[in-house]
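> Start from chain A and add chain B according to the hints.
Protein chains in written order, with our numbering: chain A, 180 to 484; chain B, 180 to 484.
Any given hint could be a false lead.
Identical copies carry no separate label here, and so any pair may be met within one copy or between two of them.
Unchecked claim - Below, a list of computed lysine to aspartate or glutamate pairs in the EDC-like style, where the Cα atoms sit at most 20 angstroms apart: (1) K340 <-> E286; (2) K473 <-> E286; (3) K453 <-> E481; (4) K473 <-> E246; (5) K462 <-> D446; (6) K436 <-> D405; (7) K239 <-> E347; (8) K473 <-> E263; (9) K473 <-> E440; (10) K340 <-> D353; (11) K457 <-> D375; (12) K457 <-> E237.
Calculated from the structure, these hints are not laboratory results.
Here is how the chains run, residue by residue.
There are 2 protein chains.
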Amino acid sequence: MPIYVVGHKIPDSDSICGAIALAHLKNEIGEPAIATRLGDPSPETQFILDKFGFEAPEYKESYAGEEVYIVDHSELTQAPDDIEQATIVGIVDHHKLGDLTTSTPLECWIRPVGCSNTVIKMMYDFYGVEIPKNIAGIMMCAILSDTVIFKSPTCTTADIKCVEALAEIAGISDPKELGMEMFRVKSAVEGTPVRDLVMRDFKDFNMNGNLVGIGQLEVIDLSVFDEIKAELEADLIKLKEEGKRHSVLLLLTDIMKEGSELLIASDDVAVIEKAFDKSADNKVWLDGVLSRKKQVVPPLQEVFA
Amino acid sequence: MPIYVVGHKIPDSDSICGAIALAHLKNEIGEPAIATRLGDPSPETQFILDKFGFEAPEYKESYAGEEVYIVDHSELTQAPDDIEQATIVGIVDHHKLGDLTTSTPLECWIRPVGCSNTVIKMMYDFYGVEIPKNIAGIMMCAILSDTVIFKSPTCTTADIKCVEALAEIAGISDPKELGMEMFRVKSAVEGTPVRDLVMRDFKDFNMNGNLVGIGQLEVIDLSVFDEIKAELEADLIKLKEEGKRHSVLLLLTDIMKEGSELLIASDDVAVIEKAFDKSADNKVWLDGVLSRKKQVVPPLQEVFA
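Isolated chain A, as found in the complex (with noise of 0.2 angstroms):
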């Protein structure tokens, strides 16, 4: 019975691209393994599975009696619906300990750095084998993806070292160039339904009990917003409504200009206002925020705690 490799709802490039290498990785040690999604990739994925000639990993929604492997999480909210009725045999991650519980040990691969790729790094590096050329380069690309070609608060020496160290496999010269390119793609945000946009990058958060639902979208220059902001807006009251939700937040993210406006729709704009020490009229520049994992959610966290 194979294990299926899974990242988090709404998936990213490292929730794919992670699960594509974990699950390689898994085979080469023996253990038979099937990276697995749990939604469409975003177009930045596509690009980065193109770009190294590989397809999506097929779409599973259910894992009831399955052995699984946790990529990229560990909120419930963020796994497969029925993970309670599956096996979770691991979980690899970089985020804040979520609520996920099993009923027998695992193994967790949990460190502070910038992507769970270069956590799956170190997992090659501790069973030596051997990292192909097309999987190092979706891997680099998830870390540049998650730490922002390097920019974001979350980045560590070991993701640096870890892009430098899997360029140098994939025979990419000029990473940080790739990364560029990447949120290029990214930025194209042109025709895109509205609610396509707030969902692209989107997680819930259970935070003490009220759900907060926080996306992000990361462009190489606001103006991209300009025209749609108003429509923006007004979707994520729908969302907040649609989903029970407290509150439903977006970054948009400068990633030239190193800050991020946040949209808020919220039952209590107060307790947001609180959590970043601003005043808001529905929407705040945010200076230097690059990361909704280390300077939007614990602040949030704290405030609801």
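Below, chain B alone, put in the same frame as chain A:
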């Protein structure tokens, strides 16, 4: 500010030796750390500490505002009472994933092996730090204890190889004989108050909202309990009521016969019977059962789910 490295409540040898070993490693890699404990060392642990010339770690109950590295568990019920006011920077463990959560990224070294010290050895190897002779000795003893000298079904090849490597460093020619010496110390129950025996290796579990306490006493001959069994059983009932527990179980494990007598005090004995598929009159012999973690907790978890 130092990191406090602490094992679970009612610490066993893995918790105490692991805290010492991991604190040493952290200091070696430039992260000031102090080993602490949440309770008194058992006679077995004291034997190990004396044998290799260690003082018990500092007793410390409160961790609010501190950075903490958790050893040998990931359960709220086994952690410091105020752990939610501390920052968990890491977890090293070999059990099922419990209900500890964090609000910031952390490192988790969790592996499905027989002992946390086997994982700590992997950490030493990862960082390329040499293990001092006396620390190798206590780590080795912790593994021999947790794996019941390799007899437990939780024991893996990694644990055996780890003991071999540590014995070499510690200069111990016959680790199994040292293990037997340890278990003879553990078997000396005469003169110890009954409550102290029940609590010697006792863990509370939250099973779907029900508090279930499970103690274990591992000896080389169950006859040492003959004269006090009735007292033990009476004390389990008291303990259940005092702690508002659903059930209190005590495993009397015969490491030579390789099985356990399970003493049961429960609001619903039928649930416990169902877990082990045996009819029990408040006690039952479980042939081949040596491991609370692998053979007792999972079937209980299942019937409570």
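> Is it within, between, both, or neither for K239 and E347, if the alpha carbons may be no more than 20 angstroms apart?
neither (33 angstroms within a copy, 48 angstroms between copies)
> Within a copy, between copies, both or neither: which one fits K473 and E440 at a CA-CA cutoff of 20 angstroms?
within (16 angstroms within a copy, 49 angstroms between copies)
> Is the C-alpha distance from K473 to E263 at most 20 angstroms within one copy, between copies, in both cases, or in neither?
Answer is between; shortest inter-copy Cα gap is 19 angstroms, intra-copy 28 angstroms.
> Please work out whether the CA atoms of K436 and D405 approach to 20 angstroms or closer within one copy, between two copies, in both situations, or in neither?
within (16 angstroms within a copy, 75 angstroms between copies)
> Please sort K453 with E481 into within, between, both or neither, judging by C-alpha distance up to 20 angstroms.
within (10 angstroms within a copy, 42 angstroms between copies)
> Using 20 angstroms as the alpha carbon limit, work out where K462 and D446 are close: within a copy, between copies, both or neither.
within (14 angstroms within a copy, 54 angstroms between copies)
> Checking K457 and E237: alpha-carbon separation at most 20 angstroms within a copy, between copies, both or neither?
neither (43 angstroms within a copy, 43 angstroms between copies)
> If the cut is 20 angstroms between Cα atoms, do K340 and D353 qualify within a copy, between copies, both or neither?
Classified as within: same-chain Cα gap 14 angstroms, cross-chain 43 angstroms, threshold 20 angstroms.
> Can you tell me if K473 and E246 fall within 20 angstroms by alpha carbon in one copy, between copies, both or neither?
Cα proximity of K473 and E246: across copies only (17 angstroms, versus 30 angstroms in one copy).
> Measure nothing new, just compare the shortest in-copy and cross-copy C-alpha distances for K473 and E286 to 20 angstroms and report within, between, both or neither.
between (24 angstroms within a copy, 15 angstroms between copies)
> Within, between, both or neither: how does the pair K457, D375 come out at a Cα-Cα threshold of 20 angstroms?
neither (29 angstroms within a copy, 55 angstroms between copies)
> Could you figure out if K340 and E286 sit no more than 20 angstroms apart (CA to CA) within one copy, between two copies, both or neither?
between (24 angstroms within a copy, 18 angstroms between copies)
When the structure is compared with the earlier hints, violations turn up for hints 7, 11, 12 and for no others.
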